[in-house]
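2 protein chains.
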Amino acid sequence: MTRDVRMQGFASRHDVADVVRLLDERLAPLASEIIPVTECAGRVLAAEVAAQADVPGFDRAAMDGYALRGEETFGATALAPLSFRVIGEARPGRSSRGEVRSGEAVRIMTGAPLPRGADAVLMAERAAEQGGSVLALEAVAPGKNVGRKGDDIRAGAVLLQAGRLLRPQDAGLLASAGTAAVPVVRRPAVSIVITGDELLPPGERPRDACIVDSNSLMIEALARRDGGLPATAPIVPDKREALARALAGATGDVILVSGASSVGAEDHAPDLVAELGVLEVHGVAMRPAGPSGVGFFGKRPVFLLPGNPVSCLCAYEFFAGPAVRRLGGRPLHWPHRRAVLPVGRKIVSAVGRVDYVRVRIAGGKVEPIGISGASLLSSTTCADGVVIVPKESEGYGAGESVEMLLYDG
Amino acid sequence: MTRDVRMQGFASRHDVADVVRLLDERLAPLASEIIPVTECAGRVLAAEVAAQADVPGFDRAAMDGYALRGEETFGATALAPLSFRVIGEARPGRSSRGEVRSGEAVRIMTGAPLPRGADAVLMAERAAEQGGSVLALEAVAPGKNVGRKGDDIRAGAVLLQAGRLLRPQDAGLLASAGTAAVPVVRRPAVSIVITGDELLPPGERPRDACIVDSNSLMIEALARRDGGLPATAPIVPDKREALARALAGATGDVILVSGASSVGAEDHAPDLVAELGVLEVHGVAMRPAGPSGVGFFGKRPVFLLPGNPVSCLCAYEFFAGPAVRRLGGRPLHWPHRRAVLPVGRKIVSAVGRVDYVRVRIAGGKVEPIGISGASLLSSTTCADGVVIVPKESEGYGAGESVEMLLYDG
Chain S
6 MTRDVRMQGF ASRHDVADVV RLLDERLAPL ASEIIPVTEC AGRVLAAEVA
56 AQADVPGFDR AAMDGYALRG EETFGATALA PLSFRVIGEA RPGRSSRGEV
106 RSGEAVRIMT GAPLPRGADA VLMAERAAEQ GGSVLALEAV APGKNVGRKG
156 DDIRAGAVLL QAGRLLRPQD AGLLASAGTA AVPVVRRPAV SIVITGDELL
206 PPGERPRDAC IVDSNSLMIE ALARRDGGLP ATAPIVPDKR EALARALAGA
256 TGDVILVSGA SSVGAEDHAP DLVAELGVLE VHGVAMRPAG PSGVGFFGKR
306 PVFLLPGNPV SCLCAYEFFA GPAVRRLGGR PLHWPHRRAV LPVGRKIVSA
356 VGRVDYVRVR IAGGKVEPIG ISGASLLSST TCADGVVIVP KESEGYGAGE
406 SVEMLLYDG
Chain C
6 MTRDVRMQGF ASRHDVADVV RLLDERLAPL ASEIIPVTEC AGRVLAAEVA
56 AQADVPGFDR AAMDGYALRG EETFGATALA PLSFRVIGEA RPGRSSRGEV
106 RSGEAVRIMT GAPLPRGADA VLMAERAAEQ GGSVLALEAV APGKNVGRKG
156 DDIRAGAVLL QAGRLLRPQD AGLLASAGTA AVPVVRRPAV SIVITGDELL
206 PPGERPRDAC IVDSNSLMIE ALARRDGGLP ATAPIVPDKR EALARALAGA
256 TGDVILVSGA SSVGAEDHAP DLVAELGVLE VHGVAMRPAG PSGVGFFGKR
306 PVFLLPGNPV SCLCAYEFFA GPAVRRLGGR PLHWPHRRAV LPVGRKIVSA
356 VGRVDYVRVR IAGGKVEPIG ISGASLLSST TCADGVVIVP KESEGYGAGE
406 SVEMLLYDG
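The listed protein sequences correspond, in order, to chains S and C.
Using the working numbering, read the first sequence as starting at 6 and increasing by one per residue.
Using the working numbering, read the second sequence as starting at 6 and increasing by one per residue.
So here's chain S without its partners, still in its complex pose (with noise of 0.2 Å):
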């Protein structure tokens, strides 16, 4: 694996399914922490959580109305009401005092505890309150519109499971059982490192020799999106060392390195993953981002991904994206909207090698985008996502079904 490739090229090139099955086998969820329920949604539960409380605790109405022995309603109908003396009024967060007795009625809103002796709501809709005493227009059944103590949760139920990606009404779930604190597994945080003497960092504009960095901006972004905590390093020159420096100082859950990952006399990236950790992978069947690399300090794993944008975008598609889904609890599968549509104009690729082919949709058809250089990151800006074509196969002709994903959500 430490061969040196520089200026010589890769003797052999891994499979892209050989990677990925190496990343499922060695990545694992990294430790929870303990997190205040109202900061969980969209985080990732690392242990059940059981109910604190029954939900709701006590007796409620839930509709406004007025509080009564359902019982005492049969019979009742717009025609000929039935009355209730009106005793008092029930308001939701104050326990209730006193009792409703036979031909008695508590005024009452949704949420209120119901009071003692009332067994139904009549809806404020079906009654006609006035001087003191309300009519009943219809009749009630015992039970009706409450509800009842630990209805919704039960004291001690397990509420959701780990591993759960925690959805807006999760959080008002765990709130509403009494959760304070919340276990999530810790989201990653990403050390993005950004190689080469022609950069200049985001918001330069270009000049002579040199161009602006878009790498970092596009994988800071991805990281957010698979729920990692990015941070970026000043731009690394080109020089052994001071790659080896930023190299040592990524103390990220995740190393991404852009840039250097090649087989040129400047890659330095491939050899010095080898010389402070294990380099796994260097080399990937695929197109674009062939000059791929995979390798671990310790357990944390490092990403060589190409200098081309589009080579960039795609190799931390297949790879960095799996791992830093995975370390976070997620899911390891691509996070894109799918659709499968017939093929409008033939998409090629060659037997022996993964394809990441950025197509558009035109009258309802896939269609690859003409332009195709690795460098040309205005091609996965004009798509509107892409067909990856496995290894085995040498494309899809007009009129075939093909799965894309889709760049926007």
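Rather than coming from a laboratory, the hints here were simulated on the basis of the structure.
If you're wondering where the values come from, they're calculated on a predicted model, not measured in any experiment.
Even glycine gets a Cβ: it sits at the ideal position worked out from N, Cα and C.
Don't take every hint at face value.
[Stated by the list, open to error] Below, simulated DSSO-like cross-link-like pairs (lysine-lysine); rule was C-alpha separation at most 30 Å, straight line:
#1 LYS149(S) / LYS149(C)
#2 LYS244(S) / LYS149(C)
#3 LYS244(C) / LYS154(S)
#4 LYS244(S) / LYS154(C)
#5 LYS304(C) / LYS244(C)
#6 LYS154(C) / LYS149(S)
#7 LYS351(S) / LYS370(C)
#8 LYS149(S) / LYS304(C)
[Unchecked claim] Residues on chain C that point at chain S, a partial pick, calculated with CB under 10 Å:
#9 SER107
#10 GLY108
#11 ALA117
#12 TYR321
#13 GLY375
[Unchecked claim] Pair by pair, the computed Cβ-Cβ distance ranges are:
#14 PHE79(S) / SER17(C): 44 to 54 Å
#15 VAL345(C) / PRO336(S): 16 to 26 Å
#16 GLY414(C) / LEU84(S): 49 to 59 Å
#17 LEU411(C) / ALA33(S): 25 to 35 Å
#18 ARG31(S) / ARG350(C): 41 to 51 Å
#19 ARG350(C) / HIS338(S): 25 to 35 Å
#20 ILE366(S) / ARG121(C): 36 to 46 Å
#21 GLY402(S) / SER406(C): 22 to 32 Å
#22 LEU84(S) / ASP413(C): 31 to 41 Å
Following the hints, position chain C against chain S.
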């Protein structure tokens, strides 16, 4: 519209479609703001952006190898290689000096400017360097492995259109073309007002006649999903003056009021919205979330969301969510992933109202969740998603195909 409906019920209910149409007509994206390119991923472009410079700004090597005159390699093969004198090295970020003449080559790294005289790059893998010379093992046509000035982007060309939700690679593209600042639609500030005497803040344990507010966490997360910036005020008691103060202090572009939206004696929200602005809608023909309302404070929409958590979720999705997205320049439609599946167990609805039916997928089929109370938030955490049954439908029988909106992305 401002008839006092308290304790009398809704005389008539608005159609869901009419409410959505009202929002569609009344709401428009907020004004733009200028942000650094480093923060633009995930934001919505407010105006088209044109390239500040050519990308690349110079002819450059697209591969590691040797820059030479392509024509001079014609005839070269591995068995009959041609030799070139290596006169120097071209590195990324350094303007090239000197010139490649006949019979000469310059060792070159990907991204380095092509030296004068050269017109092609022989890949390192197809070359063998030894003692000041390099053997070309194959022919390369002029122009091969060279990226021309302006190949990816021409200065002045429009990179991306107004309204674009910026992808990770879009941020990279903008940076690479020399963009420093990006005009984006301002993110809507979402003021959340939670009212109810029975409510304790999230993180507390339920006690006595009190329950813990779950709606704030849920709608904060939903507003963030939709591109909003939520801010929740301290819980407001069921007092007219307190709610009036809270509404007057709600400075957001969108105001969400949870609770006090119905027809109970303490439901002051509809009345106050009518007093402080215009109450356009109160009472909608839907289940749950019938007691929802929509008003305006000037141009700012105000949504009355029922306090029952499932109703609150439902009213947010139907009305508030589209508004937050529209103000932020995003698409109005629901952002959920969709699936079309056969119905496994009958989905029942009533003609004349829209139903928000929580469903699960079992054996590849859609079936309604057994529990259905508006207050049972657990029905939305054990469900896989929802089926929206339109007003004119009685539901779906087993075996029919139905579209389902998935809760998980």
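message = A range of 22 to 32 Å was offered for this pair. Does it hold for the Cβ distance of GLY402(S) and SER406(C)?
response = holds (30 Å)
inquiry  = For the hint 49 to 59 Å, verify it against the beta carbon of GLY414(C) and that of LEU84(S).
reply    = holds (54 Å)
query = CB of VAL345(C) to CB of PRO336(S), is that within 16 to 26 Å?
reply = holds (22 Å)
inquiry  = Can you confirm whether the C-alpha distance between LYS304(C) and LYS244(C) stays at or below 30 Å?
reply    = Distance of about 26 Å is within 30 Å: holds.
ask   = Does the structure keep LYS351(S) and LYS370(C) at a Cα separation of 30 Å or less?
value = violated (35 Å)
ask   = Given GLY108(C) was flagged as interface, is its beta-carbon under 10 Å from a beta-carbon of chain S?
value = violated (21 Å)
key: Range agreement (Cβ of SER17(C) with Cβ of PHE79(S), hint 44 to 54 Å)   = Roughly 30 Å apart at Cβ, these two residues miss the hinted range, so it is violated.
request  = Given the hint that LYS244(S) pairs with LYS154(C), test it: the Cα-Cα distance must not exceed 30 Å.
outcome  = Holds. LYS244(S) to LYS154(C) sits at ~26 Å (cutoff 30 Å).
key: Consistency of beta-carbon spacing, ARG121(C) to ILE366(S), with hint 36 to 46 Å   = holds (44 Å)
ask   = Are LYS154(C) and LYS149(S) close enough, with their CA atoms no more than 30 Å apart?
value = violated (76 Å)
task = Using the beta carbons of ARG350(C) and HIS338(S), state whether their distance is inside 25 to 35 Å or not.
result = holds (29 Å)
key: Distance restraint hint 25 to 35 Å, applied to the beta-carbon atoms of LEU411(C) and ALA33(S)   = 27 Å Cβ-Cβ, so the 25 to 35 Å window holds.
In the structure shown, a violation is registered for the earlier hints numbered 1, 6, 7, 8, 9, 10, 13, 14 and 22, in ascending order.
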